[in-house]
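Number of protein chains: 2
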Amino acid sequence: MSLLVVGSIALDTVHTPYGKVQDMLGGSAIHFSFAASLFYPVRLVGVVGRDFPYTFKEMICKKNIDTKGLQEVEGETFRWNGKYKGRMNEAETICVNLNVFANFKADIPEDFKDSEYVFLANCGPSIQLSVLKKIRRPRFVLADTMNLWIKETRTELLRLLKEVDGLVLNDGEAYLLTQESNIITAGKCIQKLGPKFVIIKKGEHGSILFGHENIYLLPAYPTREVKDPTGAGDSFAGGLMGYIASAKEINHNNLKTALIYGTITASYNIEDFGVNSINRTTMEDIKVRFKEFEEMIRL
Amino acid sequence: MSLLVVGSIALDTVHTPYGKVQDMLGGSAIHFSFAASLFYPVRLVGVVGRDFPYTFKEMICKKNIDTKGLQEVEGETFRWNGKYKGRMNEAETICVNLNVFANFKADIPEDFKDSEYVFLANCGPSIQLSVLKKIRRPRFVLADTMNLWIKETRTELLRLLKEVDGLVLNDGEAYLLTQESNIITAGKCIQKLGPKFVIIKKGEHGSILFGHENIYLLPAYPTREVKDPTGAGDSFAGGLMGYIASAKEINHNNLKTALIYGTITASYNIEDFGVNSINRTTMEDIKVRFKEFEEMIRL
Chain A
38 MSLLVVGSIA
48 LDTVHTPYGK
58 VQDMLGGSAI
68 HFSFAASLFY
78 PVRLVGVVGR
88 DFPYTFKEMI
98 CKKNIDTKGL
108 QEVEGETFRW
118 NGKYKGRMNE
128 AETICVNLNV
138 FANFKADIPE
148 DFKDSEYVFL
158 ANCGPSIQLS
168 VLKKIRRPRF
178 VLADTMNLWI
188 KETRTELLRL
198 LKEVDGLVLN
208 DGEAYLLTQE
218 SNIITAGKCI
228 QKLGPKFVII
238 KKGEHGSILF
248 GHENIYLLPA
258 YPTREVKDPT
268 GAGDSFAGGL
278 MGYIASAKEI
288 NHNNLKTALI
298 YGTITASYNI
308 EDFGVNSINR
318 TTMEDIKVRF
328 KEFEEMIRL
Chain B
38 MSLLVVGSIA
48 LDTVHTPYGK
58 VQDMLGGSAI
68 HFSFAASLFY
78 PVRLVGVVGR
88 DFPYTFKEMI
98 CKKNIDTKGL
108 QEVEGETFRW
118 NGKYKGRMNE
128 AETICVNLNV
138 FANFKADIPE
148 DFKDSEYVFL
158 ANCGPSIQLS
168 VLKKIRRPRF
178 VLADTMNLWI
188 KETRTELLRL
198 LKEVDGLVLN
208 DGEAYLLTQE
218 SNIITAGKCI
228 QKLGPKFVII
238 KKGEHGSILF
248 GHENIYLLPA
258 YPTREVKDPT
268 GAGDSFAGGL
278 MGYIASAKEI
288 NHNNLKTALI
298 YGTITASYNI
308 EDFGVNSINR
318 TTMEDIKVRF
328 KEFEEMIRL
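Those protein sequences? They're chains A and B, same order as listed.
Be aware that the first sequence starts at 38, since it is given in our numbering, and climbs by one per residue.
Be aware that the second sequence starts at 38, since it is given in our numbering, and climbs by one per residue.
Calculated directly from the structure, the hints in this document are not laboratory data.
Don't take each hint at face value.
Remember, identical chains collapse to one label, so a pair may be satisfied in a single copy or spanning two.
[To be verified] Dumping the calculated DSBU-like pairs for lysine-lysine here, alpha-carbon to alpha-carbon at most 35 Å:
hint : residue 1 : residue 2
1    : LYS57     : LYS233
2    : LYS225    : LYS57
3    : LYS57     : LYS229
4    : LYS188    : LYS328
5    : LYS122    : LYS225
6    : LYS285    : LYS57
7    : LYS225    : LYS100
Please work from the sequences and hints to get the whole structure.
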């Protein structure tokens, strides 16, 4: 088994009521990898510029992450600058500099082309499709997307949806994609566009898994102190795919458990800035919180 | 065992994307009674004016509801006129005429003073307190409240909280009452004000039960078509208290089950205007949906 992620690597500047941190390690592929590698070795594909700090490379290398697909090219690393206010449900983007990510080609190392579990992190759907073409026989492909692609590259996105097993997106994106206003109708509508599995994230309100015939409703873990929600969705996907890769079988029950692991990894992610919290989290921590959470949701 | 509710009886005019209905049977005590009476006989205390339609009296009498406490006085019945737009998460009040409800004294019939289970529906806290004084030895008292009382009659509300076993309120009200912005912190903070049990409702996002030492997180039943959310909270409380009264024992497990029954009765309530849907719902329907819902939330 093998788990591949293709997505952004960024230097994030984030401002929340808890403070401001500049140029910290971030990006969808990073948040995913740090979470997923708790469960299973991760193959990372992404691009950084010459300015990417050596200490961040070291941080990544210390994890169970294969960096063969981490390209360093001329130019500056992708930068995102965002601010969260009040209850921190949504980020206000102050500034985005795609830099080297603008020409990201997602070259997949030869060794990675046999990957069985693939997470196509938030990225233009044409890049996501081009990655898929290079993977020989993936067993389970999960894609993420966002408002920008739903609005600007709808045709390519609809093409992508025919090729993936699962789509993970938030409620607002699901409404935008389907033009529905009921979450159940929206989820079922997305399934008709291709993905057998749809996971709709509702932030602090939990998530919904739409499977073959069943729906699974899961609350979020009730975090007491959210310091920085950046990367919550990617660490959710990381815990989910990491568990799925380790479980070896894809069925509704395993996906339900995976949803819980996703919820738990995301809950650690948001407790500190960037990857600070998930970086010091162990599988032991995950298991303790899993048990605690189970008690809160079990009838 | 005996279950008492004291609250408003209204003629509601409601406008939703599904249409407009004028002067239909409504009010907190009505929505509560119709839901709770599916589980257990209800003692209703409320006031109406001379204009209260005979057909509505008939509708109430056909239920398992004791109307000895239903006073009819000179004047007009309480009227509420509201509108829901878009995803219908919040009502916009167009107009309120308290009418006879303005002088509501909540006279409790002698026969009702031995009530063991009491729901103090949304009402000024001084009236809620005066009701409590008249009940001899209640076993379990649950109160509801709203922004108006939290802002305008805080002192009385805080006095009430010391006298009740449970408080049910929505998330916005919990934040307003506690000045907290985290739902878990808010719930625990309310427990410190008096109630052993706190139930925070999050509408379509479910509810949270704060018990002695445990928290229970419950998603909402995923209704496909919400026609009129009016009374959702009261029918939720109705299913909850109705089940509790029928279960005869108050413990964390029974309260968890009660939360699910509340969720299910509320899900029926919102499927049609006013009490139309809950009026035709049977205990058989409730049980079918309970099972279906259990499948959606069970790990």
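Hints, verified against the model:
Taking the shortest alpha-carbon separations for LYS57 and LYS233, neither the intra-copy value of 40 Å nor the inter-copy value of 39 Å comes in at or below 35 Å. Within a single copy, LYS225 and LYS57 get their C-alpha atoms only as close as 40 Å, which misses the 35 Å cut-off; across copies the closest is 29 Å, which meets it. In this assembly of identical chains, the alpha carbons of LYS57 and LYS229 lie at most 35 Å apart only when taken from different copies (33 Å versus 42 Å within one copy). For a Cα distance limit of 35 Å, the shortest separation of LYS188 from LYS328 qualifies neither inside one copy, at 40 Å, nor across copies, at 39 Å.
Proximity of LYS122 and LYS225 under a CA criterion of 35 Å is satisfied in both settings, with 33 Å inside one chain copy and 23 Å between copies. In this assembly of identical chains, LYS285 and LYS57 lie within 35 Å of each other by CA distance neither inside one copy nor across copies; the values are 40 Å within and 53 Å between. Taking the closest pair of Cα atoms, LYS225 and LYS100 never come within 35 Å of each other, the shortest separation being 37 Å inside a single copy and 37 Å across copies.
In this structure, the hints that do not hold are numbers 1, 4, 6, 7, in rising order.
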